[in-house]
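Protein chains: 2
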Amino acid sequence: MSEYIEHDKSGITVGIVAKQYHTFAEPPDEMVLESGARIGPVTIAYETCGCLNASKTNAVLILHALSGDSHVAGYYDRNDPKPGWWDIMVGPGKGIDTDKYFVVCSNILGSCMGSTGPCSINPKTSLPYGIDFPLVTIPDMVKAQKALIDHLGISRILAVIGGSIGGMQVLEWSLRYPEMVASAIPLATTTRHSALAIAFNEVSRQAIMSDPNWRNGHYYSGLKPNLGLAIARMIGHITYLSDEAMRHKFGRRLQPRADFSFNFDAAFEVENYLRHQGIKFVERFDANSFLYITKAADYYDIGNQYGSGSTAEAFSKAQAKFLVISFTSDWLYPTYQSSEMVKAMKKNGLDVSFCEIEAEWGHDAFLLPNERLTELIRAFLKRVYSEI
Amino acid sequence: MSEYIEHDKSGITVGIVAKQYHTFAEPPDEMVLESGARIGPVTIAYETCGCLNASKTNAVLILHALSGDSHVAGYYDRNDPKPGWWDIMVGPGKGIDTDKYFVVCSNILGSCMGSTGPCSINPKTSLPYGIDFPLVTIPDMVKAQKALIDHLGISRILAVIGGSIGGMQVLEWSLRYPEMVASAIPLATTTRHSALAIAFNEVSRQAIMSDPNWRNGHYYSGLKPNLGLAIARMIGHITYLSDEAMRHKFGRRLQPRADFSFNFDAAFEVENYLRHQGIKFVERFDANSFLYITKAADYYDIGNQYGSGSTAEAFSKAQAKFLVISFTSDWLYPTYQSSEMVKAMKKNGLDVSFCEIEAEWGHDAFLLPNERLTELIRAFLKRVYSEI
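Residue numbers (this note's numbering), protein chains in the order written: chain W, 1345 to 1732; chain V, 1345 to 1732.
No lab work stands behind these hints, which were simulated from the structure alone.
Possibly wrong hints are sitting among the right ones.
A pair counts as met if it fits within one copy or between any two copies, since identical chains are not told apart.
To be verified - Here are the simulated BS3-like cross-link-like pairs (lysine-lysine), alpha carbons at most 30 angstroms apart as the crow flies:
| # | residue 1 | residue 2 |
| --- | --- | --- |
| 1 | K1661 | K1490 |
| 2 | K1624 | K1568 |
| 3 | K1468 | K1690 |
| 4 | K1687 | K1426 |
| 5 | K1438 | K1363 |
Please read these numbers as outputs of a predicted model, since none were measured by experiment.
Model the full assembly from the supplied sequences, consistent with the hints where possible.
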């Protein structure tokens, strides 16, 4: 699956990786979603690195956030300019050490990065699903991942790890398949979205759905709602940073030019940064997937799902050892939400480690190089691996 | 100007008020803006309540925020369903007591509520200015207010009061016309926008300018960029509230219906609230004015304007007594920014009172009923009036 090479750009790396696909739920045996809708066939794109040991006890499942994909580490070929999205954490000798662990990263159901989603072909019409794609939930995403893990012949996962919406999937794994999850590392996440998080997602969705090119979700044969999606991404980037992070990254620095231009061009660096992020995003992401995945995140509520409204009751189903990590400047999923989660876990006598990492980079901190984060994950994995 | 009546809806009120207009800078004596552009004639809409005393020492100038107007208190007629935007603070016996003080509230230059702005007729073309309206700055707005105050025959203002962008104008008044300002009350404001505040404004502007109906700002003869403006307003409303405020106001409560609908309708109350705010706003506000006023706020930087980059140096020009107020949950202009402002004032030996008010309602707190705020303003005005 992967080849160890020294890559001149990033030093140590897992090397060349390839995107793989697992297809299941072929009609008439479609997957039944939480909404009651049926969907099939379902394809899940995934990548692996490291080697599965003979006893199949060293599998680490990494779950990505909103706009991520299965490409967690390494390069697709030797000319690939950029490694996977968590290459700083996943590789030989790294925090998630591919010399020791077999890493699986699966693209989520509803995404546009190889797994079945709204831009996939609807077998009933031979056209892209568009908005006819059924609404999928975090539990639906995890059920699809379970099909992949079964396919890989893994009956117990050493650790399920993910940040943000990936962290919600981690929690869902620990409650839906408790006997399959030896340990779980939810990073920068929450058991349910706050009104603030829902509000940001809703405005982002409205920006997409207000774009005339969205055409009620059926835009695949024509112009795409790129302007709306760019706005949505700009809003996202504000929430991924923090007041402090923006102050340090941009402050009030102007774009290279002598003075204020007295027009509506980007005058400040932060304006230019956001515009650039918006434009870059539309090249790689599907607007409908943005709608579906944010809605899934908004709907998710562990207490409702498993505990008749009580988060503490929900965690009575969990068996995993937990490492919960939050970041001081994350205002999308602030530490108080992780604290509540940890409290609910402890009420059930679970083995929980909790750390709030001092970091100025806001919600994005979990994706950035952080020695503390790396060492916490490394040590936790070492311990749980020694205890199985 | 106003008539004291007991209004059945709100109890004590200043009664019936009327919008008035002052026009100046008739060509060829146009107003010269900071950008160097010339504009004229300039009309400023304003309202007054209370009576100017014989010595003209009891004038209080109130300056509104982004989407406000001159209608600060009272009713336009007896069937008017809603009083002015700060009726809770301005009236007989209220925090700003119209039995004692003569209140002037002026609509800002660049707005769409009666003052000259992008939707006004350009005398050169006999069509609305649209984007040909020159960029105006906070100092330009204050210069236009000065023309109004001169017109009213007031040579010294007892207190200049305003929140948010209105607070920026308060600061500008205290530095541009120090001898005219006996006291100044900047509320929930800042000496310059943070990168975060600029970022929110920029995304809002992009939402407007991405709306195909914006048509480069020349939309007055056709469809208006209502969808873009609604998105901008929704973003604004998120920043006016706070995580805590949203939790209390909405939490994760669903719209009245049995369960999740598994579609993209508004499921949560917070979604419905934001959509409603967006729709309501487009009925009363002009998208171009939103662009111009937010840009003016982003540009403003007291240190650059008056202190060669130093806020402390800038305040060496001030003579007013200051009452600075911030709110604990305001994350658009957090308390640390008011603290820095106060520090800069104190460095210059100015008479400064500073209070951070415990309030859960975010940036919007300055507009909401708050006994602490009312009493602070009442006591401060009493003192400064006794000291002139």
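Against the structure, the hints come out as follows:
1. K1661 with K1490: Answer is within; shortest intra-copy Cα gap is 17 angstroms, inter-copy 68 angstroms.
2. K1624 with K1568: both (14 angstroms within a copy, 28 angstroms between copies)
3. K1468 with K1690: Neither way: K1468 and K1690 sit 48 angstroms apart in one copy and 72 angstroms across, limit 30 angstroms.
4. K1687 with K1426: Result: close neither inside a copy nor across copies, 39 angstroms intra and 46 angstroms inter.
5. K1438 with K1363: within (21 angstroms within a copy, 68 angstroms between copies)
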